[in-house]
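Q: Residue-level listing of the chains:
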Amino acid sequence: MILPRQRKTPLFLKPLLLLPALLLSGCSTDGFRLFHPVGLLGGAELHYTLLIVGVMLIVILPTLVMTVLFPLRYHKSRNAKYRPDWTHSTVVEIVAWGVPLVIVGFLSYFSIQAIYVVNPYGPTALDNAPGAALAPLEVDVISTDWQWFFVYPAQHIATIDDLVVPAGQRVEFQMTSTSVMNGFYIPQIAPMIDVMPGMRTKDAFEVDQPGTFEGFSTDFSGAGFSWMQFSTRVVAPADFAAWVKATQASPNQLTYAAFQTLAQPTVNVGAKPAYFSAPDQGLFMDVYNAAQQGVVYPVPDSLTKSVSEVSAEGTQAPAGQ
Amino acid sequence: MLVNLQGPWSPLIGRLSLASIPYDNPILVTTFIIVALLGAVIVAAVLYYRKLPYLWREWITTVDHKKIGVMYIILGLVMLFRGFADGALIRTQQVMADGPDSTGVLGATHGFIPPFHFDQIYSAHGTLMLIFAATPLVAGLGNLIVPLQIGARDMAFPYLNATSFWLTASGAALVMISLFVGEFSSAAWVGLMPFSELPFNPGVGVDYWMWAIQISSIATTFNAINIIATIVKMRAPGMTWFRLPVFCWATLSTNIIGLTAFPILTVALTLLGADRYLGTHFFTVGMGGNFMLYVNLFWLWGHPEVYFLMLPAFGIFSEIIPTFSEKPLFGYLAMVGATFAIAGIGWVVWAHHFFTMGMGPGLNGYFSAATMLVGIPTGVKSFNWLFTMYRGRLTFATPMLWALCGLVLLLIGGLTGMMLAIPVINYTVHDSVFVVAHFHCMVLVIGAALFAAVTYWWPKVFGFKLDERNGQYFFWTFVIASLVLFGGMFALGFMGETRRLDYLYDPSWKPLLILEEAGIFLYFVSIYYFFKMLYVSLRDQVPAEADAWGTSRTLEWLTHTPVPFYNFAVTPQIHALDELAWRRSHGLEKAQPEQYVPIHLPNNTAIPVIIGALSFAFGFGLIWRIWWLAGFALLGMIVAVIIRSFDPNKGYILSAEDIAKMESNTGSASVIAEQPVRLPLSEVEAH
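Chains as they are written, first to last, in my numbering: chain H, 1 to 321; chain D, 1 to 687.
Check the hints yourself; a few may be wrong.
[What the hints assert, rightly or not] Listed next, the in silico DSBU-like pairs over lysine-lysine satisfying Cα-Cα at most 30 Å (straight line): (1) D:661 to D:590; (2) D:233 to D:650; (3) D:661 to D:650; (4) D:590 to D:233; (5) D:590 to H:76; (6) H:272 to D:510; (7) H:76 to D:532; (8) H:272 to H:245; (9) D:51 to D:650.
Everything labelled a hint here was simulated from the structure, so no lab data went into it. Bear in mind that the values here come from a model prediction, so they are computed numbers and not experimental data.
With the hints as constraints, model all of the structure from the sequences given.
A: And the structure:
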């Protein structure tokens with residue numbers, strides 16, 4: 001192989017020597033959220049990921065080995081067997097088409113099977129979960145520019161950027177957006193699903209042990225997108241009941257009018273939570289219908305050009321299109 | 001009728017104002033100074049060496065497919081560099097803006113780029129790399145190589161060819177000017193919807209993006225028509241379909257995609273334009289609009305576009321691997337079949353770009369399985385390349401190294417691509433940097449193929465090879481940089497890092513972000529070697545043989561190196577699939593024709609460059625809503641086309657004596673040599 005001959009490590013390669021150290025410090029595997037699923041749904045996701053990648057490697061690995069081996073083996077200098085006229089082999093072609101075909105067949109089978117298992121609209125992975133016997137907790141998710149509203153219609157409470165759910169009970173979301181698209185995602189526990197204005201999507205999860213998780217938007221939505229995190233706290237059922245009671249006492253009531261003010265483009269730096277009592281019954285459908293009728297929350301030109309920590313709060317009512 | 005906009009507007013200069021010039025942004029001002037200095041140096045050099053007439057006559061007004069191909073490639077490389085600069089800014093911002101304690105400079109709260117500017121940079125990065133770097137490079141190679149490989153004099157429509165190029169250049173110029181006048185789109189290269197609509201993007205950024213792509217995609221459609229017509233109608237006698245080189249098959253399939261897919265984009269962008277200019281509601285959320293319609297239309301173009309770029313790369317590998325294995329391509333028919341299988345399946349997989357949009361299991365299942373079908377013909381190609389090398393006699397010149405690197409990257413990109421085709425995995429990594437790392441692997445396959453192709457075919461145009469030593473330094477630094485950068489990015493994807501973040505909330509990502517930044521640093525080193533390679537090669541100019549690599553197999557290596565502007569002195573008769581290899585084995589590769597016959601060639605014309613300039617003015621006028629400018633420019637283009645239709649110029653005749661003279665002194669016929677003015681037929685007849 002004609003490698004560039006180097007007498008000593010060139011200067012520009014020196015930083016590379018630090019790489020192993022960097023990698024090790026970054027790779028306590030705790031950081032790899034997706035390798036540490038929590039709950040049956042996340043577990044099913046990782047299970048199928050590993051299974052499917054394993055099947056793929058059956059064909060990828062030998063090909064990789066051949067890709068490295070053949071050029072070394074048949075380099076001119078090796079004087080290996082040379083057959084310049086060997087350009088067709090029915091056997092090789094049958095294998096070349098057949099093996100990928102069989103692999104893709106298996107992959108498709110597993111893929112479609114897995115879709116039903118983790119289907120956000122009704123995951124069968126949760127069929128045998130401890131909370132399957134309980135009625136699910138329903139949470140309405142409304143994304144604005146650039147915050148998350150979580151409305152608990154049965155509990156008559158709502159929050160901004162703080163999702164609190166009980167352990168051992170299935171949580172079912174219906175989601176919509178006031179303005180543009182966002183992606184709803186809590187790594188480790190819930191599948192990523194887009195949140196769309198004038199449309200309604202669904203998601204679900206169940207976690208059986210208390211814990212804290214980071215959720216965020218995955219689909220770019222504008223200047224405040226990078227600050228669209230929300231905390232997800234899974235708490236013991238008793239703690240959840242206590243939290244609901246405390247939140248119900250909040251003096252802030254989330255009427256539709258109050259929501260329209262809060263839904264104006266706002267960058268919530270640090271995802272500071274807020275809590276409300278008595279959200280309007282049907283707030284979710286109001287937002288959904290308004291979007292369909294052309295109500296938008298326009299982003300002021302000034303806010304698209306420079307995002308300061310000061311939000312443009314309550315400056316204008318939503319406009320018709 | 002027209003929509004109301006925020007901000008001032010005047011009939012004379014539209015939305016333009018002094019505030020549109022970002023003179024207060026130090027990054028842009030520095031960029032402007034560098035660009036202006038470079039431009040001044042180039043202009044001064046052209047004037048000092050009195051090369052302006054040469055440039056005008058031999059390049060700017062040319063209709064020669066080889067020169068147009070070279071100009072496409074230069075445009076693509078310049079845009080590749082600009083796109084890389086954007087990539088370096090993105091990476092540097094992210095490594096600086098990690099964690100709540102990170103500090104900010106230059107007006108940014110974190111890092112050094114405020115969100116709005118950052119969003120423009122990543123949008124420009126994607127748009128430039130795909131539409132204005134990869135696409136022109138692919139189009140340029142098609143232009144340059146296809147007529148030579150099929151033994152044609154030129155493309156089927158040389159004037160249309162030049163028009164395609166200048167329209168593409170005009171689109172690229174619009175993206176470049178958006179740096180210094182106004183702003184670029186912040187809505188990603190895909191045009192996120194409804195985010196691209198006026199309420200959320202009231203500035204001119206989306207308009208810049210829309211018109212730049214609109215103009216250049218029309219050019220791509222023209223180019224597709226041209227290449228298809230060339231391959232179908234202009235093959236040399238004896239070149240039956242199954243003697244067509246694989247690169248031509250790949251280019252044919254690519255341009256069938258281009259011809260059928262790009263009009264969809266044109267329609268989608270036209271409807272978006274109607275929304276933004278006329279106040280219609282095609283893609284709005286309310287009032288009966290449906291933004292998912294846009295998303296479907298965009299990816300109905302966008303996915304075939306991926307294969308539009310990928311198939312020529314496969315074609316290039318299929319030319320280079322046999323050459324440096326001293327063996328014909330293994331399984332030619334299977335390769336052709338696989339090429340068209342990929343192109344065909346590319347049509348029916350678009351929704352895998354939005355598995356997370358709440359489609360039911362039935363739809364997701366179909367699109368998952370359909371997407372994975374692409375893996376079969378792609379796998380076939382990999383195997384056939386491997387068995388081309390099997391029992392071959394390999395040498396590792398730079399083009400071959402790039403090709404081998406492409407094969408490895410294809411495996412990594414293929415594995416991760418198949419993963420993403422599985423909805424259950426997609427639910428965890430969609431819109432994460434895992435996806436970004438995956439498609440960078442794939443575009444690096446295209447990049448490797450393009451660098452391979454440029455190195456491989458360089459001597460055909462310029463008569464000397466690129467410097468091998470620096471070429472290999474360039475190769476190795478580039479490959480290591482890619483592995484370091486995108487290895488880190490894959491890992492961050494599993495950590496849950498989302499795409500398009502200008503601020504990262506998790507400080508524990510820092511080490512991997514630093515790793516990625518090290519990759520950027522290595523890319524800079526590789527760019528140094530790239531320029532050193534160019535410099536050393538231009539300085540030494542070691543003349544190359546007609547068959548520069550000694551083991552080439554296809555027709556383009558039969559003619560002289562550098563290739564004469566008339567391609568072949570006599571149209572070759574084709575006897576076999578690998579014509580040059582056939583002639584070599586029959587001892588005919590140096591045979592001279594018994595007699596020459598006159599050649600009919602097209603004259604140069606300035607109409608294409610004028611249309612290009614006017615399309616720039618048209619786009620600029622529409623972007624800033626300077627209606628009179630857009631109107632006059634459109635009128636000008638129509639008038640230019642009408643003038644051209646009445647042009648009596650029928651081209652010129654190169655006499656047999658002239659050809660004989662130039663064949664004995666091949667340097668004088670070189671495509672880059674200055675040619676005397678040759679009178680068009682109509683004037684010869686008139687005299």
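Q: Give a verdict on every hint.
A: Each hint tested on the structure:
{"no.": "1", "hint": "D:661 to D:590", "in the structure": "18 Å, holds"}
{"no.": "2", "hint": "D:233 to D:650", "in the structure": "20 Å, holds"}
{"no.": "3", "hint": "D:661 to D:650", "in the structure": "24 Å, holds"}
{"no.": "4", "hint": "D:590 to D:233", "in the structure": "28 Å, holds"}
{"no.": "5", "hint": "D:590 to H:76", "in the structure": "26 Å, holds"}
{"no.": "6", "hint": "H:272 to D:510", "in the structure": "24 Å, holds"}
{"no.": "7", "hint": "H:76 to D:532", "in the structure": "29 Å, holds"}
{"no.": "8", "hint": "H:272 to H:245", "in the structure": "21 Å, holds"}
{"no.": "9", "hint": "D:51 to D:650", "in the structure": "28 Å, holds"}
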